[in-house]
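Q: Protein sequence lines, in the order shown, are assigned to chains A and B. Residue numbers for the first sequence follow the numbering used here, beginning at 18 and rising by one. Residue numbers for the second sequence follow the numbering used here, beginning at 18 and rising by one.
Keep in mind that the hints were calculated from the coordinates and are not lab data. Careful: at least some of the hints might be erroneous.
Pairs involving identical chains hold if they fit within one copy or between any two copies, as the list cannot separate such chains.
Claimed, not checked - In silico EDC-like cross-links for lysine to aspartate or glutamate, where the CA-CA straight-line distance does not exceed 20 Å:
hint : residue 1 : residue 2
1    : K39       : E165
2    : K39       : D270
3    : K317      : E162
4    : K134      : E80
5    : K317      : D303
6    : K39       : D405
7    : K317      : D59
8    : K410      : E399
9    : K71       : E84
10   : K317      : D307
11   : K39       : E162
12   : K39       : E268
13   : K39       : D307
14   : K96       : D75
15   : K39       : D303
16   : K375      : D249
17   : K272      : E233
18   : K375      : E210
19   : K55       : E35
20   : K394      : E417
21   : K375      : E355
Protein chains: 2
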Amino acid sequence: MVNVAILGFGTVGSGVAEVIAKNNQQIARRVSNPIEVKYVLDVRDFPSSPFADKVIHDFSIIENDPEVDVVVETIGGAKIALDFTRRALLAGKSVVTSNKELVATHGYELMQIAKEKNVSYLYEASVGGGIPILKPIRTCLAANELSEITGILNGTTNYILTRMIRAGLSFEDALKEAQANGYAEQNPAADIEGHDACRKICILASLGFGRQVSPEQVPTEGITSITLADVDYARSAGMKIKLLGRAIRRESDNKVCAFVAPHLVSDESPLANVEGVFNAISVVGDAIGDVMFYGQGAGKLPTASAVVADVMDAAKHHCYLKNNSWEAGGDDVVYSVEEIRSRWYARLGDDAAVPGAKALHAAGAAKGESAWLTEEKLTPSEVKALLDGREVKSLYRVLE
Amino acid sequence: MVNVAILGFGTVGSGVAEVIAKNNQQIARRVSNPIEVKYVLDVRDFPSSPFADKVIHDFSIIENDPEVDVVVETIGGAKIALDFTRRALLAGKSVVTSNKELVATHGYELMQIAKEKNVSYLYEASVGGGIPILKPIRTCLAANELSEITGILNGTTNYILTRMIRAGLSFEDALKEAQANGYAEQNPAADIEGHDACRKICILASLGFGRQVSPEQVPTEGITSITLADVDYARSAGMKIKLLGRAIRRESDNKVCAFVAPHLVSDESPLANVEGVFNAISVVGDAIGDVMFYGQGAGKLPTASAVVADVMDAAKHHCYLKNNSWEAGGDDVVYSVEEIRSRWYARLGDDAAVPGAKALHAAGAAKGESAWLTEEKLTPSEVKALLDGREVKSLYRVLE
Numbered sequence: 018m019v020n021v022a023i024l025g026f027g028t029v030g031s032g033v034a035e036v037i038a039k040n041n042q043q044i045a046r047r048v049s050n051p052i053e054v055k056y057v058l059d060v061r062d063f064p065s066s067p068f069a070d071k072v073i074h075d076f077s078i079i080e081n082d083p084e085v086d087v088v089v090e091t092i093g094g095a096k097i098a099l100d101f102t103r104r105a106l107l108a109g110k111s112v113v114t115s116n117k118e119l120v121a122t123h124g125y126e127l128m129q130i131a132k133e134k135n136v137s138y139l140y141e142a143s144v145g146g147g148i149p150i151l152k153p154i155r156t157c158l159a160a161n162e163l164s165e166i167t168g169i170l171n172g173t174t175n176y177i178l179t180r181m182i183r184a185g186l187s188f189e190d191a192l193k194e195a196q197a198n199g200y201a202e203q204n205p206a207a208d209i210e211g212h213d214a215c216r217k218i219c220i221l222a223s224l225g226f227g228r229q230v231s232p233e234q235v236p237t238e239g240i241t242s243i244t245l246a247d248v249d250y251a252r253s254a255g256m257k258i259k260l261l262g263r264a265i266r267r268e269s270d271n272k273v274c275a276f277v278a279p280h281l282v283s284d285e286s287p288l289a290n291v292e293g294v295f296n297a298i299s300v301v302g303d304a305i306g307d308v309m310f311y312g313q314g315a316g317k318l319p320t321a322s323a324v325v326a327d328v329m330d331a332a333k334h335h336c337y338l339k340n341n342s343w344e345a346g347g348d349d350v351v352y353s354v355e356e357i358r359s360r361w362y363a364r365l366g367d368d369a370a371v372p373g374a375k376a377l378h379a380a381g382a383a384k385g386e387s388a389w390l391t392e393e394k395l396t397p398s399e400v401k402a403l404l405d406g407r408e409v410k411s412l413y414r415v416l417e
Numbered sequence: 018m019v020n021v022a023i024l025g026f027g028t029v030g031s032g033v034a035e036v037i038a039k040n041n042q043q044i045a046r047r048v049s050n051p052i053e054v055k056y057v058l059d060v061r062d063f064p065s066s067p068f069a070d071k072v073i074h075d076f077s078i079i080e081n082d083p084e085v086d087v088v089v090e091t092i093g094g095a096k097i098a099l100d101f102t103r104r105a106l107l108a109g110k111s112v113v114t115s116n117k118e119l120v121a122t123h124g125y126e127l128m129q130i131a132k133e134k135n136v137s138y139l140y141e142a143s144v145g146g147g148i149p150i151l152k153p154i155r156t157c158l159a160a161n162e163l164s165e166i167t168g169i170l171n172g173t174t175n176y177i178l179t180r181m182i183r184a185g186l187s188f189e190d191a192l193k194e195a196q197a198n199g200y201a202e203q204n205p206a207a208d209i210e211g212h213d214a215c216r217k218i219c220i221l222a223s224l225g226f227g228r229q230v231s232p233e234q235v236p237t238e239g240i241t242s243i244t245l246a247d248v249d250y251a252r253s254a255g256m257k258i259k260l261l262g263r264a265i266r267r268e269s270d271n272k273v274c275a276f277v278a279p280h281l282v283s284d285e286s287p288l289a290n291v292e293g294v295f296n297a298i299s300v301v302g303d304a305i306g307d308v309m310f311y312g313q314g315a316g317k318l319p320t321a322s323a324v325v326a327d328v329m330d331a332a333k334h335h336c337y338l339k340n341n342s343w344e345a346g347g348d349d350v351v352y353s354v355e356e357i358r359s360r361w362y363a364r365l366g367d368d369a370a371v372p373g374a375k376a377l378h379a380a381g382a383a384k385g386e387s388a389w390l391t392e393e394k395l396t397p398s399e400v401k402a403l404l405d406g407r408e409v410k411s412l413y414r415v416l417e
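Just chain A, same shape as in the assembly (with noise of 0.2 Å):
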């Protein structure tokens, strides 16, 4: 028997309890002792829930308990997530997580300390939802140097994106109904803004490149000032724009650039037919080339399969797994955005050629407007060179 005690019973929790119990017959076929959850840890009560009975409110039971072999932590955050994971690696526990925050801000530390106790600390579900990403990397690809990892992590942002290049709506009625069928969080900062797909990028460079890259190493831009105009100037290059998250490794010093901005994207990539809350992300290996994987990138269930999967892989494993962590970081590890040549997709407040770039035409363009796609791929202070003392309202990366 493994028993599971699980910390915070919001929507990720509850479907972790949900998907070990429905599938319980199926695990059992696939792990040698059965899993089940003894504790579940909130704040609340859940009377009318099948594990009402299991609900504690203090964490030092699960602490204390010696019988508690896998801590599951989906309270998000990287507050009382942090004091509770450590505290339970510290007790011998194998901690799974869907935490992206708290992995991509402390995940180095964290898993120094599972090291030291000689247990998992495992997040296969911090990234991409349910989309078997983290894994993959760490073992079907492990013959590979990697030199770029480029991905569409955040659904809400993508779903807007789709319904502005699908439906024509504004972003601001795109977000509206993403907040309305529950794609969107009342407050949407941390998606729109790009932190979401921040954290998620960390994880992915950490974990690809071997030392912890840090949120603020990542210049972020989120979606807010994508406008219609935008997709319909894309639409006539036949691109698409989408929010990604790349991290590209320089194979001179083996230092990382990991940034996430909007791109065009040619509608002949696949990551151009990632639509709605899907993700999809791209990863370039030596050997292997581009492989993508793509699903729900959120989600109760999808989710809570990633964790599951985690938690029936702790329960084989009471050990450390040495290729699952990544060494420190420091100012060392990355290398500066500035350094990244693209070809720039640019919409002015004027309508002069813009030297070197290819005007673009679309129906609905305002008057006294214009857009332009550089033939030359430009740093970013270049580009700007270019269009020095001109009104630059849009100014996006083309992904080769």
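Place chain B on chain A using the hints.
A: Coordinates of chain B only, in the frame set by chain A:
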């Protein structure tokens, strides 16, 4: 030190040696022991290869060398490869293979030997080349009951279909081009008649649903009868023709229906946008929903990447992996494709109406022909009854 013997120094085998040598440091960071190629078994010599001094011609040297931990079988076929695999497992060595024919036909037997000898038999490279798919199914999706696996499993046929769709080449010309580019063999039967896709869907169905599904249980239709008229009619309906391998679990009795056939796929489906030699596999689970894995389904280094990842796994876990195998097959494993309902596309040698079907119109349609999409989902015998007595030139399912 983990010593590896490579059986068969062809495209994949030499790629495996190359990846192990090139990414040695990367690999050593991820497994505790360095991995080294000790022997290469082939009937030929390779005097100019960096591995020339490892080439041997007698399998018993490998079989009897206690220092060999992992045997990589990249011979192909189910004759000598079967004999060597059996003997290697019986000698207590883990075996890693890219040989889809062997896994699809003798997988269960070989897994049983591996279990008895407490070693691994790993075969990630047998499906989807380098795309991580089998390990994610057996680990990351392990908390799910799967209901369907559908994939573009053969790069050669997908290349041919892509060239017919994109460049308007006839099947014959597209095949010749594929052969000229090295994407199709001089004898292309195994690809274009669907046998390669059949073996892969057998492996996916066996692993995903838990019992051996064998090629003779899988009705298989290739792409040789697809014409440009079909491509045009499909386009007029907003669809593309793709060769799909499908495995569908029936909830009521857990039986599986697996088959390979051309399908019309909506342009909106991620599968429709998988082009050229790329492969993609979509998996549906009760918790995860729909996830898709995409990448190069063949090729020297991508396939070698998957083999080496399995070697690293075998090196770490010197034991039989329970979740890596399936149970014995039998007639009670499968149910008939006759029970699978679909909408159907039919191209007919006359232009009389088809009751309950929508007429398609394509610019280059031949006189005296017509093409139809049924509105209702029908079984194969229902659609055949509907078309009884008429000349049926093409009859393909629509993927829903």
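Q: Should K317 paired with D307 be assigned to within, between, both, or neither, using CA atoms and 20 Å as the limit?
A: between (29 Å within a copy, 14 Å between copies)
Q: As a check of your reading, is K317 near E162 (CA-CA no more than 20 Å) within one copy, between copies, both or neither?
A: between (34 Å within a copy, 16 Å between copies)
Q: Within a copy, between copies, both or neither: which one fits K375 and D249 at a CA-CA cutoff of 20 Å?
A: Result: close within a single copy only, 15 Å intra versus 33 Å inter.
Q: Check K317 against D303 for me: Cα-Cα at most 20 Å, and say if that holds within a copy, between copies, both or neither.
A: Classified as between: cross-chain Cα gap 12 Å, same-chain 35 Å, threshold 20 Å.
Q: Is it within, between, both or neither when you check K410 against E399 at 20 Å Cα-Cα?
A: Within one copy, since 17 Å is at most 20 Å while 59 Å is not.
Q: Could you figure out if K39 and D405 sit no more than 20 Å apart (CA to CA) within one copy, between two copies, both or neither?
A: neither (61 Å within a copy, 46 Å between copies)
Q: 20 Å Cα cut-off: does K71 pair with E84 within a copy, between copies, both or neither?
A: within (14 Å within a copy, 52 Å between copies)
Q: With 20 Å as the alpha-carbon cut-off, assign the pair K55 and E35 to within, between, both or neither.
A: Within one copy only: 13 Å inside a chain, 49 Å across chains, cut-off 20 Å.
Q: For the identical chains here, do K39 and D303 meet the 20 Å Cα criterion within one copy, between copies, both, or neither?
A: between (41 Å within a copy, 10 Å between copies)
Q: Please sort K272 with E233 into within, between, both or neither, judging by C-alpha distance up to 20 Å.
A: Answer is within: at 16 Å inside a copy they meet the 20 Å cutoff, but 52 Å across does not.
Q: At most 20 Å between C-alpha atoms: does K39 with E268 qualify within a copy, between copies, both, or neither?
A: between (47 Å within a copy, 15 Å between copies)
Q: Can you give me the call for K39 and D270, within, between, both or neither, at a CA distance of at most 20 Å?
A: Between copies, since 18 Å is at most 20 Å while 49 Å is not.
Checked against the numbered hints given earlier, the structure breaks hints 6, 18 and 21 and satisfies all the rest.
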